[in-house]
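S.K.: Residue numbers (the working numbering), protein chains in the order written: chain A, 68 to 407; chain B, 10 to 467.
None of these hints come from the bench; they were simulated from the model. Every residue gets a Cβ at the ideal spot worked out from N, C-alpha and C, and that includes glycine. One thing to keep in mind: the hints can contain errors.
No farther apart than 27 Å at their CA atoms in a straight line, the calculated lysine-lysine pairs in the BS3-like style are these [stated by the list, open to error]:
#1 A:280 - B:388
#2 B:388 - B:352
#3 A:129 - B:67
#4 B:404 - B:352
Derived DEER-like restraints, expressed as beta-carbon distance ranges [what the hints assert, rightly or not]:
#5 A:243 - B:116: 42 to 52 Å
#6 A:239 - B:170: 12 to 22 Å
#7 B:194 - A:243: 25 to 35 Å
#8 A:167 - B:109: 36 to 46 Å
#9 A:167 - B:43: 52 to 62 Å
#10 B:54 - A:133: 20 to 30 Å
#11 A:239 - B:47: 52 to 62 Å
#12 A:236 - B:194: 29 to 39 Å
#13 A:164 - B:215: 49 to 59 Å
#14 A:164 - B:230: 50 to 60 Å
#15 B:43 - A:99: 20 to 30 Å
#16 A:239 - B:184: 33 to 43 Å
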Amino acid sequence: MNFFKKIKDGLSKTRQSLVGSIREVVGEAKLDEEALEDLEEVLISADLGVETSGQLADRMRKRALREAMTGDDVLKALREELAELIDETKLGGDAYKPRDASEVDGPYVTFVVGVNGTGKTTSIGKLAARYAEAGRKTLIIAADTFRSAAVEQVAIWAERANVELVRGATGADPASVVYDGLEAAKARGIERVLVDTAGRLHTKTNLMAELEKIDRVAKKVIPDAPHDVLLVLDGTTGQNGLAQAKKFRESIGVSALIVTKLDGTAKGGMLVPIVRELNIPVRWIGVGEQIDDLVPFKAELIVDAVFGEEETGFLQGSLEEAAKRAEEAKTDWSDFDAIP
Amino acid sequence: MAHRSQLVSMFGELQDKLDGFFQTIKGRGRLNEEDVQAALREVRRILLEADVNFKVAKSFLKKVEERAVGQEVTKSVTPGQQVIKIIHDELVHLLGQTFEPLRRSKDTPTVVMMVGLQGSGKTTSSGKLGMYMTKRGLRPMLAACDLQRPAAVDQLERVGEQVNVPVHAQREHKDPVKTAMAARDEARQKGRDTLIVDTAGRLHIDEALMDELREIKKQLRPSEILFVADGMTGQDAVNSAQAFANQLGVTGVILTKLDGDARGGAALSIREVTGVPIRFAGIGEKLDEFEEFHPNRMADRILGLGDVVSLVEKAQEAVDEKEALKLAQKMQSQQFDLEDFLKQIRQIKKMGPLEGLLKMIPGANKALKNIELDGSELKRTEAIILSMTPEERQKPGIIRGSRRKRIAAGSGMKVQDVNRLLNQFTAMKKMMKKMGGQKKMRGMPKGMIPKNLPFPPS
Ligand SMILES: Nc1nc2c(ncn2[C@@H]2O[C@H](COP(=O)(O)OP(=O)(O)OP(=O)(O)O)[C@@H](O)[C@H]2O)c(=O)[nH]1
Ligand SMILES: Nc1nc2c(ncn2[C@@H]2O[C@H](COP(=O)(O)OP(=O)(O)OP(=O)(O)O)[C@@H](O)[C@H]2O)c(=O)[nH]1
Ligand SMILES: [Mg+2]
Ligand SMILES: [Mg+2]
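With these hints in hand, go ahead and build the complete structure from the sequences.
M.R.: Now the structure itself:
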């Protein structure tokens, strides 16, 4: 699978419509105050949030005083300004550091967390399939014992991905299921463990406490677990995404994001404030319900995802460059070694 | 609305800001265009932060401006309050003023179709709606027409079991249209008067799957097609809602996951682009966490005014008025002991998860940040008090070292926990003494007696 094509296909709507609307408001005339206000609205309409959109518009306002910009210049300038707002060098800085798989003896444990219905279970199925394809002995722990038929759902994914599964009874204590699962993983020589947790709103302290308990119990079996914590965000979510990321980070820690449902028309712009403010990198994006509808995302592609578009020469250039960077980059942690 | 004045006077970041804008015109008596515009820019920010679609926000603000400019400022309120009232009323008006019940068809069964994007809460809401209908004397049946998502049929069957509503499901073929038709036949045969059809989540741009919904609609002629939308949705809510409305003709909306802290501006966007009423709100994962949609409360929530009305109603439902009154009197007369404390804890427990309750009060989260308020704290407190003798409960002063140890052991807690509880209790009595002088807590709606939470001031 050409992963970059997949990104392009999956995100094409995102990119086209945002870039398209920017073009529309910017037109071929000089960037004047009216156009700037429209531009700000376009950014807001992509869920970038009032603050980020306002700051971007301000930066463009200043810039417009210095240089005359029309059409593609505006897009290019926007990209640059956004790239400056998101300090790439800081990405991951404040996030929970994922452990390098090569340093981990025994099972590499990944928790998958998030609010209700974002796509945790589906993403686990997709990840498991990748690991299995890459020859990793993989186990899913079905720790959502709350939602109706959650265990059955993840069991079907385990079967599709052809990986092992440890399940608990409905209503069982999820922490004890994780305990048993990790014991089994150790005993069976498993290399990758994916823990499917129940959806929980970040505002519910008892449910967040439950997650912390799972964390504590996991450490009893594998002291440095979890090695990685993925927060799954629904790409159609608005400004609440930031609160979700904040609360999950405070509670269990988050090493990276999976953003799902980007095959729709939502632009996923709420990622920008999250990445900006919390420095949590985006690692995967979900672009469909099928098993291979998950594409790896390099943190530095975020700007492309927002403003990139293949039609324009300069953007295509940068997109290809980004792709090359992504392919060449010697990833500093080996979860990416599972990418076909 | 009875609580409006309290609501407006009690809270408000928004109000402070608006009053700030209107400082200059105090005494001038009339809202002028410039001031109103400045204030509305602030309101715009609030709406956008609440995820109201920018176009919807724009047209909304225009209407407010038209109404506000030139209005006489009544003496009894500040200009800020007056503008809030206009905004609030307009918002309520747009959200639809009162609850609209579901239509029924002449033929049985009445068919209600649940549609929407992936993961929005269709299956859960199907079960909730089934329970809601059963409570109202109807005999619903659920139809499992999501043949796509892994274990979707199992999920609906479980949900049906929980709410005691039969589920039509089949596993032989993967044709949701056929399943829907067979379900209708079964409902008819079994004398079920309503059929709730759960469908697979789908993207509004997926033509094949949208066609499938149209086919189910054609065959079953539902009297309601409910668009189930995630209350946390951002700006894109207008696109998906409009597409479902245009392509399918939805008749109503269920907004889910409103138990979180999302401000829910999508409600306004969806309502505006579809023109159909929001019928129900999902307020939790459990199947009874479902209520009729109240435009009033939603307006407060979007504006960040807090859901005071809900809070009051919830409190009233759970609390035995007489008992509460007695407690309140005791508190004031300084005879409040640990026995009463226990009673109070139990009342509060009945009111449901505290976080939910407190979230409805703007600013409460911040104010109570350092106090643990989850149910487990209440349980621990209860356990400690239950390990005391009646005498100890009435005269906490006698609880010294050895008694503390015994109580700790009896309740499975540490001595520190017992100490902490006793300290809290003492602090609380002190606070009551102070308050005893005042007539009534400022701004607290009447009838909201259990406001005296058993927690000391931080
Ligand atoms: N279109 C699209 N749908 C997705 C994507 N990822 C997941 N879904 C769908 O979203 C719905 C919810 O997915 P789940 O994986 O069950 O979500 P979850 O987070 O595990 O849900 P809970 O466990 O109930 O909190 C399902 O219908 C999935 O098929 C995606 O990237 N694109
Ligand atoms: N907190 C909260 N969770 C909810 C609410 N309604 C549904 N959920 C949860 O959201 C998740 C998705 O709910 P489902 O009912 O499976 O959603 P669906 O629309 O049927 O999903 P698909 O069939 O995959 O499209 C589950 O975890 C539900 O428990 C609600 O009002 N509040
Ligand atoms: Mg799940
Ligand atoms: Mg469903």
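S.K.: So, for every hint listed, does it hold in this structure?
M.R.: Verification of the supplied hints:
no.	hint	result
1	A:280 - B:388	holds (18 Å)
2	B:388 - B:352	holds (13 Å)
3	A:129 - B:67	holds (25 Å)
4	B:404 - B:352	holds (16 Å)
5	A:243 - B:116: 42 to 52 Å	holds (51 Å)
6	A:239 - B:170: 12 to 22 Å	holds (18 Å)
7	B:194 - A:243: 25 to 35 Å	violated (45 Å)
8	A:167 - B:109: 36 to 46 Å	violated (57 Å)
9	A:167 - B:43: 52 to 62 Å	holds (60 Å)
10	B:54 - A:133: 20 to 30 Å	holds (28 Å)
11	A:239 - B:47: 52 to 62 Å	holds (57 Å)
12	A:236 - B:194: 29 to 39 Å	holds (36 Å)
13	A:164 - B:215: 49 to 59 Å	violated (39 Å)
14	A:164 - B:230: 50 to 60 Å	holds (57 Å)
15	B:43 - A:99: 20 to 30 Å	holds (23 Å)
16	A:239 - B:184: 33 to 43 Å	holds (36 Å)
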